[in-house]
Amino acid sequence: MTKIVKEQKVKERLGKSRDKTDPCISRKVLLFITRHSSLIFFSALFLFPIYFMIVTSLMNRTQSLLYDLWPRPFVWGNYSEILKSLPFMRWILNSLLVAILCSIGGVLSSLPPAYALSRLEWRGRKIVTFIVLSSMMIPLQVTIFPSYWVYSHIGWVPSLFPLIVPFFFTDIFSIFIFRQFLIGIPDQFSESARVDGVSEISIMLKIVLPIIKPAIFAVTMLIFISSWNDFFMPSLFTSENPNLWTLPVGLAQIYGTHNYNANLMMAASCLFILPVLILFFVAQKYFIDGIKFSVVQR
Amino acid sequence: MLPWILGFLLLDAIPMIVSFYDSFTKFNILNPPKWVGFKNYIEIFTSDPLFWLALRNTLWWILFSILARLLLAITTAAILAKNRGNMKIFRTFFFLPAMIPTVAATIIFAFILNPVYGPINSFLHFIGVKNPPLWFYDPHWSKWGLLILSTWGIGDSMIIFLAGFLDLPDQLEQVAELDGVSAWKRFIHIKIPLLTPVIFFTIITGVFQGFQYFTQGFVISSESTDSSNSMYFLNTHIYIMGFKYFYMGYASALGWILMCLTLVITILLFKTQNKWVYYHNQGKKL
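Protein sequence lines, in the order shown, are assigned to chains X and U. Position one of the first sequence corresponds to residue 1 (our numbering), numbered consecutively onward. Position one of the second sequence corresponds to residue 1 (our numbering), numbered consecutively onward.
Chain U extracted, bound-state conformation:
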């Protein structure tokens, strides 16, 4: 217990307090921090266009990555739940990409979505698309490319939804089927409402991961020189400011803004939860 308390204090609690202090200072690694009050925060909000760009990109990313993840994870899980007989092998197939390390997956997709020779664009040419997107080389398409990359790894959400589908009580479904309710309506009006806790969980983790999003965009833009910064996210901004230019006070302030944004959005989501999340066993809330 003791090493753990020590570790908790050393690795989480104290750094947190220190970084809160740092965010009000001018601080690089060489000189001790110098108190500047709210200057960092004012500068971020008033004279840092990159911050606003990164924020827009991040919010775009959170919205669309969650939507894509939900849609695809629910679809694949629903298909799998229907085919109980040979679920294992297909479950493995769908889950496998989630195990592929991020950097490797990013590099694979950089080649697959290569605008000149990549198989996707060859295919698009083949079916007659005149000007297929340039993906990571086009600021309007780069984020969609990242979205394709991220939907490849939805295996973990799929597993959770699959568990949800298989846990659903059978009676409701059977009764509805006897009453002649169509399969699609049963899906929308019975299964989805019962799965809202899982959807809620996926959204919350999606918000967290969305604010942390960094590696994929960073790796890709290191090669395709993303001059318009279409793959520049909040976390990228923190990384660049803190570890490339060593404006550590400024970056700490950015870190705190990121944390506050995450908290605010999470709290807002929790506030809405009573309106649409249905808990089968009351009192077992997330």
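Isolated chain X, as found in the complex:
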């Protein structure tokens, strides 16, 4: 009974809307425009800073002070000037080195514990999982001073080691994301392999590893990006020696002290952002998966 009433209502509403939209095409266009105008407005707002950066990086010195929105003439020399005038290449290499090693270390060191926490049955698993997850909540400020003291006593300050080495031991956030992926995989495959007497290590390498390739990509990239972006840690451990700076530290330093012109600063920022953007466009899906998986309820 209610179903019929509802169907009638639907028909009425459809009829009404059809009456209004007699010139069907113009209404469609109007709808298209109204729906898209807000989208286009917002995306223009979001993209403007990036546009501003690229455009300013191509201006000459005087024009960059006027903050025009289109370069006249195009100046490509800013990029070569930045690369030559500072140990910029050095900073790029440092950043790359740290980011790549951190991602490798992070994946290698967090996959086995994540596997143990999610796919193996053992006593105390729940408690250990709880400890691991809650230790994500410990702010860096609480653990940084003793670590700094230790690193400086073994002669690692200033150096890049304190940025890289911890990742070869543990990275709790990656453990968490791996675990989220791993608990989603049905147990049958590894169960049947276990019955056949396959060792736990080859189950992990031959069965589970191929399935979680996307997770490995996602974690690699999340670590790469976060270490590429990080300012706090490298500024602590490398600030005394400009040759050890990573890009964020170098950029912040030249921004704060030399007060470079906008065109040079923007060219430097472009170079800084470029690898992230390339990674992002190549592997957008994995990023978004990574972000979603970091939220899935525990």
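FYI, nobody ran anything at the bench for these hints, they're computed from the structure. Possibly wrong hints are sitting among the right ones.
[As the list claims (entries may be wrong)] No more than 27 Å apart at the CA atoms, straight line, and that leaves these computed lysine-lysine pairs for BS3-like: (1) X:285 - X:213; (2) X:213 - U:271; (3) U:244 - X:28; (4) U:191 - U:88; (5) U:82 - X:28; (6) U:275 - U:143; (7) U:130 - X:292; (8) X:292 - U:244; (9) U:143 - U:130.
The structure presented is a predicted model; accordingly, all values stated were derived computationally and were not measured.
Dock chain U against the given chain X, drawing on the hints supplied.
Just chain U now, with coordinates in the frame of chain X:
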């Protein structure tokens, strides 16, 4: 497993205990820590005006950054969810700024919000605003400038809300539509309540990130000489005390205060959760 346990102990557990001990000592990097009891904590609470300023700034920041983030992330996600057809390209546009490294984003905005020549103030002049704000050069406006900068990078929250919107069950919405409930009311009374878990998650992470907030204010104030310390946050205080003056015991105490504040606020938020957070599948709580 073993290197991980070792790493966990070496990198998290032991430093934590040591820093707790340090917070009761007078300690710089050169001399061994000297026990002073509660002196650090007493000093922080009674004779450190910078601490109270940093705390006020941080709390302001947490409140407003969460509000702005929620508002904008929900708006953009809702707009995107309506336009399923060409979502991908616009989703990329909205998400892109979240990928821009913090330091680069900060520098870009320092130029965009430059009070003399920056495009924003040129625009404000153009539409007839007489005295546009000086942004990072004015203690009353600097934090709003930082807020604009941070709302630029809401892409990650937006993705989460978008996933939430697309996961919503269609039936409720359809029934309400048939009953003639307006789109706005459907949004407020059906969609938002179903999304409260996501909102709750965003608030919790916002509190955590808010207490960690440091880089943007630090980079900006290094150039615009923030003499009234309007961009001086708790984490900045820890950084300055610990690594500029090397009062490591004092800074450890500050670190513990920061952690306790984070915990207290988080626990309070979790206490309120039963009142307003609606879990569609009961038992799957955060």
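Outcome of the hint check:
1. For the proposed pair residue 285 of chain X and residue 213 of chain X, the alpha carbon gap of about 13 Å is at most 27 Å, so the pair holds.
2. Our distance criterion of 27 Å between C-alpha atoms is broken by residue 213 of chain X and residue 271 of chain U, whose separation comes to about 38 Å.
3. About 63 Å separates the Cα atoms of residue 244 of chain U and residue 28 of chain X, which puts this hinted pair outside 27 Å; it is violated.
4. Our distance criterion of 27 Å between C-alpha atoms is met by residue 191 of chain U and residue 88 of chain U, whose separation comes to about 22 Å.
5. Between residue 82 of chain U and residue 28 of chain X the alpha-carbon distance is near 15 Å, which keeps this suggested pair within the 27 Å criterion.
6. Straight-line distance between C-alpha atoms of residue 275 of chain U and residue 143 of chain U comes to about 32 Å, which puts the hinted pair past the 27 Å bound.
7. The hinted pair formed by residue 130 of chain U and residue 292 of chain X fails the criterion: a straight-line CA distance of about 45 Å is larger than 27 Å.
8. Simply put, residue 292 of chain X and residue 244 of chain U have alpha-carbon atoms about 38 Å apart, too far for the 27 Å limit, and the pair is violated.
9. For the suggested pair residue 143 of chain U and residue 130 of chain U, the alpha carbons sit about 21 Å apart, so the restraint of at most 27 Å is met.
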